[in-house]
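Chains as they are written, first to last, in numbering that gives the first Met the number 0: chain A, 0 to 465; chain B, 0 to 334.
It is worth saying that the hints were derived from the structure and are not from the lab. Mixed in with the good hints, there may be bad ones.
To be verified - Calculated cross-link-like contacts (lysine to aspartate or glutamate; reagent style EDC-like; alpha-carbon spacing at most 20 Å):
| hint | chain 1 | residue 1 | chain 2 | residue 2 |
| --- | --- | --- | --- | --- |
| 1 | B | Lys182 | A | Glu421 |
| 2 | B | Lys240 | B | Asp194 |
| 3 | A | Lys96 | A | Glu68 |
| 4 | A | Lys346 | A | Glu425 |
| 5 | B | Lys182 | B | Asp194 |
| 6 | B | Lys182 | A | Glu425 |
All figures in this text were calculated on a predicted structure; none of them were measured in a lab.
Each chain, letter by letter, is given below.
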Amino acid sequence: MELVILKTDALFFILIAALLAYIFYASKKEHLARPWRTVLKRPIAASALTILAFYLMVAILDSIHFHPEIEGTSSDTPVYSSQVVSLLDEVLKPINKNIETTYSAPFALHSYSKESRESETGQIIRDYPRLMHAGSHLLDTSEVRADLIMRSLSALGYWIFAMTILCLILISLRVVKLKLMVAGRQNLHTFFRPSPAQAAVITFAVVCLLISLVATVGPYYHILGTDKVGNDVLFQGIKGIRTGLLIGTLTTLIMLPFAIVLGVAAGYFRGWVDDAIQYLYTTLSSIPGVLLIAAAALMLEVFMTNNASDFESVTARADLRFLCLCLILGVTAWTGLCRYLRAETLKLKESNYIEASRAFGVLSWSTIGQHVLPNLMHIVMISIVLDFSGLVLAEAALTYIDIGVDPSMESWGNMINGARLELAREPVVWWSLFTAFLFMFVLVLAANVFADSVRDAFDPRIRELD
Amino acid sequence: MSISLEKGLGSVSSYLTRRILYAFPILIGVNFITFVLFFVVNSPDDMARVHLGNRYVTEDSISNWKSERGYDKPLFIALDNSGKKVFTETIFFDKTVRLFTFDFGQSDSGRDISYDISERMWPSLLISLPVLCLGLLFTLSFALLIAFFRGTYIDSSAVILCVSMMSISGLFYIIGGQYLLSKLLQIVPISGFDDGIASVKFLILPILIGVVGGLGHGTRWYRTIFLEEIHRDYVRTARAKGLSEKGVLYQHVLRNALIPIVTGVVALLPSLFLGSLITEAFFGIPGLGSYTIDAIQSQDFAIVRAMVFLGSVLYILGLILTDVAYTLVDPRIRL
C-alpha cells in the first residue's frame with residue numbers, strides 16, 4: 000500500500016479536523032453548547048444526524064486513497080499499481096468485483112439484452128445469457144427465491160444478534176440512570192418521555208439492517224442491477240456519496256474565509272473599504288452563476304488539454320476539476336453570506352458594548368475578534384447548513400449540462416446523465432436513475448431536516464417567536 | 000399629501016440616477032471578469048483555430064479571422080501607442096464600449112446576435128412567465144391554508160411534505176414528468192417547440208414541472224413569512240376587536256405579507272428573459288438559456304460576452320426595481 004493524498008482528500012480531512020475542534024470547543028462553552036442541545040432534543044433532528052453520520056463515515060472511507068500493491072511479482076521491493084483505489088473500494092470489493100457485460104435488472108440472473116450463442120447441439124440461438132456473477136452459485140435458476148429468502152434470513156439473524164447486544168448495553172445504561180434518578184429523588188416523568196436518543200437508535204438499527212442485507216446478499220446478486228457496462232449500480236450509488244458530501248462541504252470551506260473577512264471588514268471599517276468590497280460582491284453576483292461556472296469549466300478544460308502531461312492519473316485530473324468546481328461554486332455562493340454579514344456587522348457596530356470597547360481604545364481587530372465575530376457565528380452556522388443541500392442538488396444539475404464533475408468520477412449526476420435516455424428502452428431501465436435519486440434524496444432530506452433544526456435553535460428571531 | 004408624494008418622486012429620480020451611474024463600474028467589472036475568464040488560457044489565436052477548424056489553418060487565415068472580428072489588437076493595454084490610446088486601442092475597450100450601446104454585433108460564427116436574442120427571448124418568456132405566475136398562485140394559496148391550520152397535524156404534515164418535495168432533485172421532476180406524461184400516458188410530446196398556437200402542447204409539460212418543482216420550497220418560504228406576520232402585535236389587535244380568523248388572514252396578514260413577497264418577485268422579473276438553462280436543455284426549447292450553453296460549448300466569445308452583459312444588466316435592473324417596489328408598497332421606507 001502506498002498512500003495517495005488527493006487535493007480534495009487533504010481539504011476534506013482539514014475540514015473534519017476543524018469540525019472536531021469545533022465540537023470540542025463548543026462543548027466547553029455553554030453559550031455554544033446550549034443551542035446544539037436544543038437541536039439534538041428534537042427526535043427528528045437526532046435521526047437526521049445519525050443518517051448524516053453514516054454518509055460521513057462512507058465519505059471518510061472513500062477519501063483514504065492509495066496505490067494497491069501488485070502481488071505475484073518476482074522483485075523484492077513491492078510493486079505498486081498506478082491505479083488509485085480507496086479504502087471503500089477494498090471494503091466493497093465483494094460487490095464491486097462482479098462486473099457483467101451490460102445492463103441487468105435488480106436481482107436478475109439473466110442479462111438485459113439478448114445475445115447470440117452456440118447451444119449444446121451446435122445451433123446458434125439468441126436468448127438472454129446468464130449473468131457471470133449474479134447467482135452463479137445456483138445450479139437451478141428456480142431456486143433463486145428460496146436462496147434470497149435464506150440469505151435475507153441470515154442477514155436478519157446477524158442483525159438481531161448485533162441489536163440484542165446493543166439493546167443490552169442501552170438497557171444497562173438506562174438502569175444505571177434510573178438508579179441515579181431514584182437515588183437523587185428526581186421526578187421520574189422525564190425518564191419515560193420519548194427521547195431523541197431513541198429516534199437515533201431506531202435510525203441506527205434500520206441502517207444497520209440495510210447494511211447487513213447488503214453484506215449478505217450483495218456479493219451474490221446485483222441488488223440494484225448493473226449499468227451499461229455491467230458495473231454494480233449499488234456500488235456506484237455508494238461511491239457517489241463522497242462526491243455529494245464533498246461538494247456540499249468543501250465549497251463552504253473555500254468560501255467561508257472570504258465571506259467572513261470581507262463582510263466584517265466592509266461593515267466595520269465602512270468608507271472606501273466598504274465601497275470596494277460592495278463593488279466586488281455586486282459585480283460577482285450580477286454575473287449569472289451558471290455562466291460563471293460554465294466559463295470556468297471551459298477554461299479548465301482548455302488548461303487541462305494544454306497541460307495534459309502534468310497529471311499522473313485520471314483520478315488526479317478528475318480531482319483537480321472537482322476542486323475547481325467547488326472553488327467556482329464557492330465564488331458564486333459567498334456573495335450572499337457576505338452581504339448578510341456586512342449588514343449584521345453594521346447593526347452590531349451601533350451596539351453599546353462595541354462602542355464601549357472602541358472608547359477604551361481596544362484595537363479594531365481585537366474588537367472584531369472579541370465582540371463582532373462571536374455574534375455573527377449563528378449566521379455563518381445557519382448559512383453552512385442551509386447551503387449544503389442546495390449544493391448537493393446543484394452538482395447533479397451541473398453535471399447534466401457537462402459543466403459539473405469529470406465524467407470519470409463517480410457521482411450521482413454522472414449516473415443520472417448516463418441513464419437518462421434509457422427510460423426510452425423497452426423494458427425500462429430505471430434502476431440507475433432510481434439509485435442515484437434515492438441516495439441523493441436521503442442525503443438532502445436528512446440535511447434539510449437537520450438544517451431546519453439548526454436554524455430554529457440558532458436564529459434569535461425564531462427563538463423569540465416560540 | 001401631494002407635497003410628500005412630490006418629495007418622494009424627487010428622491011426616487013435622484014436615487015435612480017445614482018443607481019444607474021453606479022451600474023457602469025459594475026458592468027465594466029463584469030466585462031473584465033468575462034474577458035479574464037475567456038482569455039487567460041485561450042488566446043485569440045486559439046479561438047480562431049477552434050472556429051476555423053484545427054486542421055490546415057495558415058497564419059494568414061488566422062490573422063484574417065482576427066482582424067475581421069476585431070481581435071487583432073492587444074487585450075487590455077496597448078503599450079506601443081501613446082496617451083489615451085494605450086487603453087482605447089485594445090480589444091477590451093472596443094468590445095466593452097460596443098456593449099454599453101447595446102450593439103452586440105455579430106457572433107464569431109457570423110450571426111447577428113441582437114436578432115438571435117430578440118428571436119429566442121420569446122420561447123424563454125413563454126415558459127418562465129407562466130411558471131412564475133402559476134407557481135405564485137399555488138404556493139401562496141397553499142401557504143395561506145397551512146398558516147390557517149398552524150400548530151395542527153395538518154400544518155406539521157404539510158411542512159414535512161414540503162421539505163420532502165424540496166429534497167427531490169429537479170432532474171427527477173423533469174425525467175419523471177417526461178416519463179409519466181409523455182411516454183406512459185402520451186398526453187404531451189416529450190420535447191420540442193413550435194411557432195404560434197401549436198407551441199401550447201410543447202409548453203404544458205415544462206410549465207407543469209416548473210410549477211411542481213418549486214412548490215415545496217415556495218410554500219414553505221411563504222408559510223414562514225405568513226407566520227412571522229401572524230405573531231405581530233397588529234394581528235393581536237385585530238383579533239381583540241373581534242375579527243374572524245379568516246378576516247385576520249385576508250385583510251391583515253396577507254396584505255402585510257405582500258411587502259416581502261412583491262419585492263421578492265419584482266427582483267425576479269428581469270431574469271425571466273434569460274429562461275432556465277436546465278429546463279430548456281431538457282425540453283429542446285430554443286430559448287436564451289440553451290443559446291448561452293451552445294455558445295459556451297462552441298466557444299463563441301461574442302455571444303457569451305453579450306449574454307453575460309445582458310444578464311448583469313437585468314440583475315442590476317432587478318435590484319433597482321426591488322428598491323423602488325419597496326417604497327411603493329411600504330410608504331415608511333425612503334430611498
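Comparing the hints with the structure gives:
Among the hinted pairs, Lys182 (chain B) with Glu421 (chain A) is consistent with the structure: their alpha-carbon atoms are about 12 Å apart, no more than 20 Å. The straight-line distance between the Cα atoms of Lys240 (chain B) and Asp194 (chain B) is roughly 56 Å, outside the 20 Å bound, and the hint therefore fails. Pair hint Lys96 (chain A) plus Glu68 (chain A) holds up; C-alpha atoms about 17 Å apart against a cutoff of 20 Å. Note on Lys346 (chain A) and Glu425 (chain A): the hinted pairing is violated, with a Cα-Cα distance of about 62 Å set against a maximum of 20 Å.
Distance check on the hinted pair: Lys182 (chain B) and Asp194 (chain B) sit about 23 Å apart at the alpha-carbon level, beyond 20 Å; violated. Proximity of Lys182 (chain B) to Glu425 (chain A) is assessed by CA-CA distance (about 11 Å); at most 20 Å being required, the pair is judged to hold.
Going down the numbered hints, you'll see the structure goes against 2, 4, 5, while the others check out.
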